[in-house]
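**Q** One letter stands for each residue in the lines below.
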Amino acid sequence: MFILKTNGLTKHYGRVRALENLNLELKKGEVLGLLGPNGSGKTTTLSILLGIIKPDLGSYLWFEGKYDRPLLKVGSILETANHYTYLSGWDNLRIIAHIKKVPETGLMEIADQVGLKGRIYSRVSTYSLGMRQRLAIACSLIGDPELLIFDEPTNGLDPQGIAEVRKLINEIAGTGKTIIMASHILSEVEKICSHTVVLNNGRLIASGPVGQLLKQTNSYLLAYRDPEKLQEVLADFDGYVSHRFDGEAVYTELEENFDGSELNAFLHSRGISVSTIAFKEKRLEDAFMEMLTKDRNSSSLA
Amino acid sequence: MKHLLQLEWMKYRGNKTMVIFFLSTVVLYPAGLLLTHLFITTIIPEEMPVDLFKFPEIWSLTGYVANWISYFFIALLGMQMITLEYSGKTLRQNLITGLTRTEFLMSKVLFLALTCLVLTIWFGIVTLLLGLYSGSELRFEISEVSKYLFLHFLMVFAYGFASLLIGLIFRVLALSFILFFIYASFIEPAFSRLVHNNIFGGNTYLYYPANAFNDLLPFPYYSQITEMLPPEEQIQFTLSESHAIVASLIYLGLLGLLAWRKMERSNF
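Protein sequences, first through last, are from chains A and B.
Per this note's numbering, the very first residue in the first sequence carries number 1; after that it's consecutive.
Per this note's numbering, the very first residue in the second sequence carries number 1; after that it's consecutive.
Incorrect hints may have been included.
Claimed, not checked - No more than 27 Å apart at the CA atoms, straight line, and that leaves these computed lysine-lysine pairs for DSS-like: (1) K54/A - K28/A; (2) K73/A - K54/B; (3) K66/A - K117/A; (4) K89/B - K54/A.
FYI, nobody ran anything at the bench for these hints, they're computed from the structure.
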């Protein structure tokens, strides 16, 4: 059963492309990480799916069309937490329960789950940012939704707030809920998500299980006295995929069936004796940077 | 319907601005009328052609005072209902939680209508009490009372609904109110009298929206002023009651359509 299917979602703001022909499918139980740099289209995508922005083209379907009012089965936080700050946390929970047409009986349990039970009757205007975000998570949990959507849930929080929210999301993800989480904190996504979708400039540039994205290439760190020359020569290697230079070392991605010894031999044959060549265990961040670099290169070639 | 009204009540009962606007209207109705009573009975008693505080004349007077008060406070209330949802981004939270756009708009309109109904009942009570306080013999004719109550309801609802739409478009309370006030107090009167009237003549300039709403319960003594003028200088100061009602209902329909289209098509 799929929870969400999109078909060619497209959105432009004037002449700016926010989203181009996005096709996605989310299955029950998946924890999908929506990745991309700022302005890549993550929030636009979620805003369209949650009905607050109208797409120019394309369509989407929730829960295979099973429900007339699918958003009542979705709990979501979009960007910042939005509450009636002059009301108490409890009143805000009641309002959400009222919109979702669910009884108020489980609300205190949810407040307890997010660690707000002690302050639930205080006005939201007296809450810290972390508490407001936890209240937003509590709101999203009302009615036992089939899908949770978290858009940059740790944005704007201090380290303690980030830790609190991250712990909470980890716990929720552990319960087997289907989740979409947009974030640019890649370590967070790597730990929590089973699948990822990578957007850049409004286009989908990669998608699939996290493990698969990490395995597509081998990553090596290279050091050489003339990094300019090293970068020029690297591109001639048969198994070359991409590279980036961080000012000190060159990081290169090779196709899965090529390894460091073959690269070293090739560089040697071209008169380059690198001082360091080290296999680098690939993190999602490396894969993400590699995908963005590839996308930028192909865009500039086009 | 009950579900939407309950939702709005949950939102507003703790909002100080809303409570202040509503209570101001409630307090200003009798206060404004008592001041008018004081002014008329102590300062210019012999100049008035009729006893203003007798039934049924008192309805016209209290209606006119209510017109001025509601023009400000119901407008503010209507705008605050919608702009507070923008300023706290709670409109988008309502929508992503599962409220439809139409339901969101309907909840505002229903709550506004309920508020106007409560104010109308209050208007009726205040008028009856003031009439009795002034020594007038109580005359309670259903057709007469219901006519004034209907006119009052339609007037406050029209002011509130127009304000709601302005709030929906401009999204900020102060800006919305300034634009509403400038339009209703300056732009429309100036345009209708100076431009429209010069081009088309007749009394068609009276059919603009703010004037149509205002003429539901207008200054009650225009007819007596007109009677004092010679036939060649006869002027129609206001729309007739039936024309004001029809024009107001048409404008309300148009405003409703505009509000719905704005709500359905906007990105939040």
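**Q** Where does the structure disagree with the numbered hints, that is, which hint numbers, in rising order?
**A** 2 and 3
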